[in-house]
Structure formats: C-alpha cells, structure tokens
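Asker: Protein chains in written order, with this note's numbering: chain A, -15 to 389; chain B, -8 to 254.
Check the hints yourself; a few may be wrong.
[Stated by the list, open to error] Part of the chain B face toward chain A, derived, beta carbon under 7 Å:
no.: 1; residue: G61
no.: 2; residue: R63
no.: 3; residue: T64
no.: 4; residue: L88
no.: 5; residue: F92
no.: 6; residue: L164
no.: 7; residue: E169
[To be verified] Subject to a maximum C-alpha distance of 30 Å in a straight line, what follows is the list of computed DSS-like cross-link-like pairs (lysine-lysine):
no.: 8; chain 1: B; residue 1: K178; chain 2: A; residue 2: K19
no.: 9; chain 1: A; residue 1: K19; chain 2: B; residue 2: K149
no.: 10; chain 1: A; residue 1: K259; chain 2: A; residue 2: K92
no.: 11; chain 1: B; residue 1: K76; chain 2: B; residue 2: K236
no.: 12; chain 1: B; residue 1: K186; chain 2: B; residue 2: K226
no.: 13; chain 1: B; residue 1: K0; chain 2: B; residue 2: K205
no.: 14; chain 1: B; residue 1: K226; chain 2: A; residue 2: K129
no.: 15; chain 1: B; residue 1: K228; chain 2: A; residue 2: K19
no.: 16; chain 1: A; residue 1: K19; chain 2: B; residue 2: K186
no.: 17; chain 1: A; residue 1: K22; chain 2: B; residue 2: K186
no.: 18; chain 1: A; residue 1: K136; chain 2: A; residue 2: K360
no.: 19; chain 1: B; residue 1: K178; chain 2: B; residue 2: K0
no.: 20; chain 1: A; residue 1: K92; chain 2: A; residue 2: K253
no.: 21; chain 1: A; residue 1: K259; chain 2: B; residue 2: K65
no.: 22; chain 1: A; residue 1: K206; chain 2: A; residue 2: K136
no.: 23; chain 1: A; residue 1: K353; chain 2: A; residue 2: K195
no.: 24; chain 1: A; residue 1: K19; chain 2: A; residue 2: K195
no.: 25; chain 1: B; residue 1: K149; chain 2: A; residue 2: K22
no.: 26; chain 1: B; residue 1: K185; chain 2: A; residue 2: K19
no.: 27; chain 1: A; residue 1: K92; chain 2: A; residue 2: K22
no.: 28; chain 1: B; residue 1: K236; chain 2: A; residue 2: K22
no.: 29; chain 1: B; residue 1: K76; chain 2: B; residue 2: K0
no.: 30; chain 1: B; residue 1: K152; chain 2: A; residue 2: K22
no.: 31; chain 1: A; residue 1: K28; chain 2: B; residue 2: K101
Since the hints were derived computationally from the structure, they do not count as laboratory data. Even glycine gets a Cβ: it sits at the ideal position worked out from N, Cα and C.
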Amino acid sequence: MKNLTEAKQTKRPGIFANTYGGQYIPETLMTELEKVDKAFHTLKDDPDFQAELHDLLVNYANRPSLLYYAKNMTEDLGGAKIYLKREDLNHTGAHKINNVIGQALLAKHLGKKRLIAETGAGQHGVATATIAALFGMECEIFMGKEDTDRQKLNVYRMELLGAKVHPVTTGSMVLKDAINATLQEWASRSEDTFYVMGSAVGPYPFPEMVKYFQSVISKESKQQLKAKENTLPDMVVACVGGGSNAIGSFADYIDDPSVKLVGVEAAGKGVNSDKTAATIERGTVGIFHGMKSLFLQNEDGQINPVYSISAGLDYPGVGPEHAALAKEGRAQYVGITDDEAVAAFEYIARQEGIVAAIESCHAVAYVEKIAPTMSKDQIIVCTLSGRGDKDVASIAKYKGVDIDE
Amino acid sequence: MSNLSEIFKNHKAFIPFVVADDPDFDTTVANIVALAEGGADIVEVGIPFSDPIADGGVIQAADLRAFDAGVRTKTVFQIVEAARKQTDVPIVFLTYLNIVFKYGYDAFCKKCQDLDVSGLVIPDMPYESRDEIVPIADKYDIDIIPLIAPTSGHRVEKIAKAASGFIYVVSSLGITGERNEFFDGLKDLVAEIKKYTDVPTAIGFGVHTPEQAKTMAGIADGVIIGSAIVDIVAKQKQNAPQAVKEFTKSIRAAVDETEKANV
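All chains should be modelled from the sequences, with the hints used to inform the complete structure.
Answerer: This is the structure in structure tokens:
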C-alpha cells in the first residue's frame, strides 16, 4: 500500500495531504511548466545559482530582515513576548521581493526576456517591476481594476520602474481576475516570457517554488530567535491570502511540533457574512487556478466574489499546502475582520511606531487577541509582511478622514 | 468509449459550439437543433464557468449572459434533455474541471450517459490529471477529449496514445476567439499525432470563416468553430437559431468541398 502511494506521488508531483495541489492548467502551458520545474530543481542545488541568489538577497533586498522585539506591545498586552519579523523593511517594502528575486533569476537562466505577473495590493507587481528594471527585462503587470483604483500609488510606482500595468476589467476585477489574465497572457506568449507567480498558489511547481524562495523568512527568524532567546517560538503568526508570506514564515517550523502555526485570513465583514475572504474557514474543495485546494464557491463550483478591505488578501482560494496543513491540523487558521485589522493598523502605529500593511495587520490583530491569553515566558513571532504606506489613504477614507492625496 | 470516432470515418467533421443558456433556455435548445439541421456532425455545448481561463472575450461574455439567465449545471442538463426530443446529433460538453468535480465525477458522467452525451472537453485538465476522471468516464462510455497545442512538443506522443473520441488540436497559442493567423506548423503537428494514433483530429480556436474551415478540414479530420457562432447568438439573441443554421450550412458546404477534393 505504501509503495502504491509513493508511486502515485512520483507520477503526480506537488500533491499535498494526498489531495491538494497538482496541475490543472491548459495543455498550451504544460511544456513550459515542465521546463520551469526542471530548471527550478536543477538550479536550487546549483552553488552558482545559490551564490547569486544570496548576493541579491543580502546586497539588494536588505536581508536578513530584523527580528524586532516589540516591547511596548508585549507590555501593553501583558502576555507572551512578541517578536515582529520585519519583512516590511525589505527593499520594495514587502516579503514579495524574496520570491521575485528567485523566480526572476530562474527566468534569466531560462533565457527569458520578459516578466509578467499578477498583483493584488501591488506589492508583488512593484517587486517584479523592480527586479525587471534591475535585470534589464521587459515587465507587464496585470492588476484588477478595483485594485488599481484602491492602490494608485503602487500603480504609479510600477510605471515609474518601467513596467506596463494592465487594469483587468473581467470578473470581479480583483486578484483572481488578475491571475486569470496573467495565465492567459502566458498561454499566448511563453517563448520569451516568464510568469512570476506572486503567491504560493497555481499549478505545480509554483506552490513549491514560492515556498522555497519565501522560506528564507523562517530560516532567519529561527536563527535570530535562537541568538536572542536561545529557544524556539511557541507560536508563529502570519496573514494568509494566497499564503506566500505565511508558508515562508511557517516553512522551517513545520517539523517542530512544539511551534504552533497560525494563519490569519481576511474575514472582511465577518467569517459568516457574504463579504469575506476566509477561504480555509468557509471554503470547500475545488479546482481552480491550476490547483486543487479550498475555494469560496457555490454548490455548482462557480467561484464566488470575495471581499476584504485588503487587496492582498482578497482571494477566493488558498495555496494547496495551507489547505493540507489545515486538514492535517498542523496549522490553525483564524479570521480577522476589516474593523479588527484597521484597529490593529492604528494600534501598531501608536505602540511601536510602525505603519504596517493592512494585510499584515490581520496578523497583528490576532496577536492582540492571543498574546494576553499566553504566559510571559512564551514567545510569539509575528510576520509583518509589508509596510503600510500604500494603505494610508484608503484607511483614512475607511475612517472617514478627508485627506488630499 | 463512445462512437464519436466513427463519425470521422471517410468524412470531414464539423463541430460547432454554443454556450448553454445564452441568452436563455429555449434559444439554446433551438440553436442545438439548428446546428444539427444545418449539418453539424457533433455539437459542443459549453457549460458556463465563472473564470474560463482558456476563453477569450466573446465566450466570457456569453458565460455572463448565461449567468444572468440564472444558469446552473442542472439547467444545462435540462437543455440537452429538451434538445434530445428533437435531435439525436452527437453532443459533447465543454466545461472546466471544477464544474465536473463539484457535481461529482461519477454522477456527472452518468448524467452524460443518460442524456446521450458522448464526450467531455475540459480545457484545464492536462494529461497529468486525466487519471482522476478517465476510469470513471470509461465506465459510462464517455470520451474525455484531449487537447494538443502547438507547444505540446514531446507530450504529443503520450497524449495521442491515450486519446479516445477525437483529439482537439489547438490552432494557435492563447485563448479562444476569432483570429486570422494560425500556428504555421499545424500540418506537421497533425502528422505527428497520426504517427501515434488513429483517433481523429479536429482543429479549433479562432476558426471563423468558411475558407478557414476548408483549410483546417484539409489539414485535420474535422474543424471546431466556437466564438463565431457565439458571436451570432450575441448579436441575434432570440432570433439566433435561423442565422446559426445558415452559418452552419455555409461551413458544412466548405468542409464538404475539402472532402470532395480529397477523394
């Protein structure tokens, strides 16, 4: 029986918990996916590639990112010791750059001249446009019209970096529609083009690849905490849309059973409302965007419109490994509403002097709830996936503050 | 296995496509009948999906019209059931895997058998994932129609060898929709497929004129036309069936010319 399972896994790589993941994508893209898979698995063991990757992460992206002891929050909440993994301090202001550097290097090795990518909040688009500029590659970004409207600053930033931004007007005009449009673009032109997938979603090998490049977050935080506290954290908390910063924050702790892993989803107006993006809590198994995973969908399998104040978490699915971690009980997933996230946005700004991305503030809001229930000798590592400059205008609007942009 | 392959024996097949419930139930039934009367060999009925990643604007818009009409998976089955009272033209469904998955592979294939639907075209299910459904489809004599693309390369052999029904040859890269230029290696691609299988081939994606249909029928065993017909439905709405029938006749005549030329 064991052999049968193993044989099955060899035949279909990228299957998590015997269910999630896989490859469900038009035939037109399959040969290209095979090339990407082969290149990734060859290059990740190649010392020259690793040296190049390391050099860019350290000398360009400003790694390692700080593991910062949030003393004020810790004292205010009166429970567990809180450390913040400061991905917001990376070049371009979010964790997205870790993965983009990796995939763009891969694209370069494959001889590609053009990078395309989807983006939700715009952080992945900015990171892709940045590396395209650095590498002298063409760059086109697909972004839902809804998101180009609420993240205007990032649209301009991408254009400034030389990228062409396509507002996507199909479907609900958010992240999922941007992924549809980017997949379509890749299907019509893959010869010279690499799709830099921004989240730990899509067909194999993307979820594995994104996890690999983002796992630098947990590799660093583990070492950093060991140096500071000589122990493992009791809990790691990160926000989850597609799940790239969360899988990167969890990766190096998955085999440490004492470390509790918590993914925080965007509950929008409430997990049980229709205006939510809480995929793991509310979703059902389905097949979309190249993967089998959990999706917010109706009983016929039509993908539902989703909602969150955060453009980066506004996604009806979740990476297959998160679906598997939830199924196996290895990680726990909770929902945080718009209101709670906005309150956390203000809280962390005033407590720690950090304006964090509204996405990351979903994780911060959960820390605010859970830290007081834990003891003072316990430690939480919370990932701040990005900085919040991009959100200032829309949060002001949400609060009814009239500011002249 | 169904008897879809038989249709292509010494005969160039024309395979038109309509989206179910676009713009409404009765028009779709009438369109299926019109396609059959106009000379279609197989009718492809599209089950709308919220996020059709292989489809261009014309079919996406049709899906939206069908959603406006309140289409459900069960509505599509009812449409075919109604059409079956007037025609026995072979029918295949085209839809995305999630629709089939959510209905249940077994229940869906059984329903196809009950409705005398011979096959399924699932653009987001590559060879690597076919084992999920093929054994179930086999049980009900439903063919899973594979797609082969200009980029398939070394994959052609394994896909062709496993094929049944017919093989959907994608004419060009990208998504569905009318176009005037096609992949220039289509002849070689079809020849490559023929090295590995006797299963017939039909070319689709972008074909929209009788001249193109004639050319494609000269290269492969059949031709598939989707967006051009959906476009007629978009423009003519409830009056579409007559126009659809006329268009089908014009394509039928063009395809038949190829057949004569080959004899």
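Asker: Against each hint, give a clear statement of whether it holds in the structure.
Answerer: Hint-by-hint comparison with the structure:
1. G61: The hint is violated - G61(B) has no Cβ within 7 Å of chain A, the shortest such distance being about 11 Å.
2. R63: Constraint on R63(B) satisfied, holds at 6 Å.
3. T64: holds, 5 Å
4. L88: holds, 5 Å
5. F92: holds, 5 Å
6. L164: Given a least distance of 5 Å, the restraint on L164(B) holds.
7. E169: violated, 14 Å
8. K178(B) <-> K19(A): holds, 25 Å
9. K19(A) <-> K149(B): holds, 17 Å
10. K259(A) <-> K92(A): It is violated: about 41 Å lies between the C-alpha atoms, which goes past 30 Å.
11. K76(B) <-> K236(B): holds, 18 Å
12. K186(B) <-> K226(B): Violated, at about 42 Å.
13. K0(B) <-> K205(B): holds, 18 Å
14. K226(B) <-> K129(A): Measuring from Cα to Cα gives roughly 27 Å; hence the hint holds.
15. K228(B) <-> K19(A): violated, 45 Å
16. K19(A) <-> K186(B): holds, 25 Å
17. K22(A) <-> K186(B): holds, 27 Å
18. K136(A) <-> K360(A): violated, 42 Å
19. K178(B) <-> K0(B): Satisfied, since the Cα-Cα distance of roughly 19 Å is no more than 30 Å.
20. K92(A) <-> K253(A): The hint is violated at about 43 Å.
21. K259(A) <-> K65(B): With Cα atoms ~27 Å apart, K259(A) and K65(B) stay inside 30 Å; holds.
22. K206(A) <-> K136(A): violated, 36 Å
23. K353(A) <-> K195(A): Holds. K353(A) to K195(A) sits at ~28 Å (cutoff 30 Å).
24. K19(A) <-> K195(A): Distance of about 19 Å is within 30 Å: holds.
25. K149(B) <-> K22(A): holds, 19 Å
26. K185(B) <-> K19(A): holds, 26 Å
27. K92(A) <-> K22(A): Holds, because 14 Å separates the two Cα atoms, which is no more than 30 Å.
28. K236(B) <-> K22(A): violated, 49 Å
29. K76(B) <-> K0(B): Holds - the C-alpha atoms of K0(B) and K76(B) are around 27 Å apart, at most 30 Å.
30. K152(B) <-> K22(A): Measuring from Cα to Cα gives roughly 24 Å; hence the hint holds.
31. K28(A) <-> K101(B): violated, 46 Å
Against the hints set out earlier in the document, violations occur for numbers 1, 7, 10, 12, 15, 18, 20, 22, 28 and 31.
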